[in-house]
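Residue numbers (the working numbering), protein chains in the order written: chain A, 1 to 82; chain B, 1001 to 1360.
If you're looking for bench data, these hints aren't it; they were derived computationally from the structure. Bear in mind that the values here come from a model prediction, so they are computed numbers and not experimental data. Mixed in with the good hints there might be a few duds.
To be verified - Here are the computed lysine-lysine pairs in the DSS-like style, where the Cα-Cα straight-line distance is at most 27 Å:
id, chain 1, residue 1, chain 2, residue 2
1, B, LYS1155, B, LYS1192
2, B, LYS1311, B, LYS1238
3, A, LYS56, B, LYS1105
4, B, LYS1192, A, LYS28
5, B, LYS1349, B, LYS1150
6, A, LYS28, B, LYS1238
7, A, LYS56, B, LYS1199
8, B, LYS1169, B, LYS1155
9, A, LYS21, B, LYS1026
Listed below are the residues making up each chain.
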Amino acid sequence: MDDLLRIYQDAFVEAFELADKSTLADLKYQSIEEWDSIGHMALMAELESGFNITIKTEDLIQFESYVQGVEILSRYDVHIKI
Amino acid sequence: MPLLQKPLVVDKFRSFHDYVKANDGKIGLKQRGLDINLNNACNLKCEHCFTLSPKGLHAKDRFPIEKIKEIGDQADQLGIFEIDLQGGELLLDQNYLYSVLKALKTERFYVYVTTNGFFMTKEVAENLFELGVDRVSVSIDSIDPDTHDKFRGKKGSWERAIKALEYVKEAGMSPYLNITVGRYNVDSEDLKLLLDYSKDNRYTTLLNVATPGGMWASMHEICINDDDREHLIAMRKKYKNILRNLWDPFDRNREGVIGCNTINRLYITPIGDVLPCPYVHIKIGNIFEQTLQEISENGFRVKYFREYSEKCLAGEDRDFINNYMAKGNTTIFNPKNYEDLFGEDEIFKDKVSLPAKPMG
Chain A
1 MDDLLRIYQD
11 AFVEAFELAD
21 KSTLADLKYQ
31 SIEEWDSIGH
41 MALMAELESG
51 FNITIKTEDL
61 IQFESYVQGV
71 EILSRYDVHI
81 KI
Chain B
1001 MPLLQKPLVV
1011 DKFRSFHDYV
1021 KANDGKIGLK
1031 QRGLDINLNN
1041 ACNLKCEHCF
1051 TLSPKGLHAK
1061 DRFPIEKIKE
1071 IGDQADQLGI
1081 FEIDLQGGEL
1091 LLDQNYLYSV
1101 LKALKTERFY
1111 VYVTTNGFFM
1121 TKEVAENLFE
1131 LGVDRVSVSI
1141 DSIDPDTHDK
1151 FRGKKGSWER
1161 AIKALEYVKE
1171 AGMSPYLNIT
1181 VGRYNVDSED
1191 LKLLLDYSKD
1201 NRYTTLLNVA
1211 TPGGMWASMH
1221 EICINDDDRE
1231 HLIAMRKKYK
1241 NILRNLWDPF
1251 DRNREGVIGC
1261 NTINRLYITP
1271 IGDVLPCPYV
1281 HIKIGNIFEQ
1291 TLQEISENGF
1301 RVKYFREYSE
1311 KCLAGEDRDF
1321 INNYMAKGNT
1331 TIFNPKNYED
1341 LFGEDEIFKD
1351 KVSLPAKPMG
């Protein structure tokens, strides 16, 4: 697994206290109790610190799933292969 | 409505998140919310009412709609992201509430309505959702209908409250179950069952600690103690869906306390008096005479409201309660003026600079 993917997955695991990574591909905003508006802020903070970027508000709002997040991060030159 | 559909709120919420993180997990001088008592009329006679609604105080006073617009603008300028509309019981006059929501421009705020749920219907819930309400908080005192009804002074109020939560969820808003906790119920089986009920239904539970004010003035024995506070933290970790306003919502360990929210979450009465919070009946200004910014800056001059407190001043800090809340029969309509109450050494001379609103 490349480093970028590991950082990306770890951000979700940390922000939502996930037991493992097996369900990551299905994750969407509000699909689990932990991914609410507060969890969303935690996820954004993890991603910003992990990739050393600042996510714009319009991107933060569009970031609604694990899969979609990959496309959004590519706007910051973070190219993840899932 | 999911918060992410309100970009203006996301900006402010993010700014709050960043401020708290950068400030060692403490709320500091960051303004977060307004609790507005629009009208104090109520259909129930709750034993613990902090606004003295059962006595009919100021039942006919209500906020002019024009003033709501102005308060919304001022709050937005201060970076305030959440507004709790409360009473009394606001669903007694639904058209007035709808007018307030329109005037507030709800796209700028995370808006919630606190209600006893008695008059909630499917249609009302749908109207609230359409008008931009994000969350409805329904107060419940017991898992036992008779206990709740007795406490609220009306038969059938428990059933209506429970049904209200269902309507709220169906309409697409966040259902919050509000529980008041004091020495009398903090480690009871009843509270545990109520927390289980909330969790099982995927609601969020908001805990408010009992405070010796309003109908419970002078009842200091209701206040939780240090052991109780630890017990609530244990519940917070166990259930994961429990909030207190002074807890750090961003702390994944569910241990952090951002501090008492006095001034950070101002309370406005129907006659415009502004108090540091709903439960500290000390007047720091009047919204018909001053701006929210001026009032906030004045409020933060008071040592106790500026400095960090891990305890709720009104419900847990015995010294504050004994020294400042137990004097002079204060109520939300008869608050003591802060300059008359605090000594020179308790009011800072310097002007406070409030954190800037995020640039959108």
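How the hints compare with the structure:
1. LYS1155(B) x LYS1192(B): Given that 27 Å is the threshold and the Cα spacing comes to 23 Å, the pair holds.
2. LYS1311(B) x LYS1238(B): Holds - the C-alpha atoms of LYS1238(B) and LYS1311(B) are around 21 Å apart, at most 27 Å.
3. LYS56(A) x LYS1105(B): 24 Å, holds
4. LYS1192(B) x LYS28(A): It is violated: about 31 Å lies between the C-alpha atoms, which goes past 27 Å.
5. LYS1349(B) x LYS1150(B): Violated. LYS1349(B) to LYS1150(B) sits at ~49 Å, over the 27 Å cutoff.
6. LYS28(A) x LYS1238(B): OK: LYS28(A) and LYS1238(B) at ~24 Å, within 27 Å.
7. LYS56(A) x LYS1199(B): 34 Å, violated
8. LYS1169(B) x LYS1155(B): 24 Å, holds
9. LYS21(A) x LYS1026(B): It is violated: about 32 Å lies between the C-alpha atoms, which goes past 27 Å.
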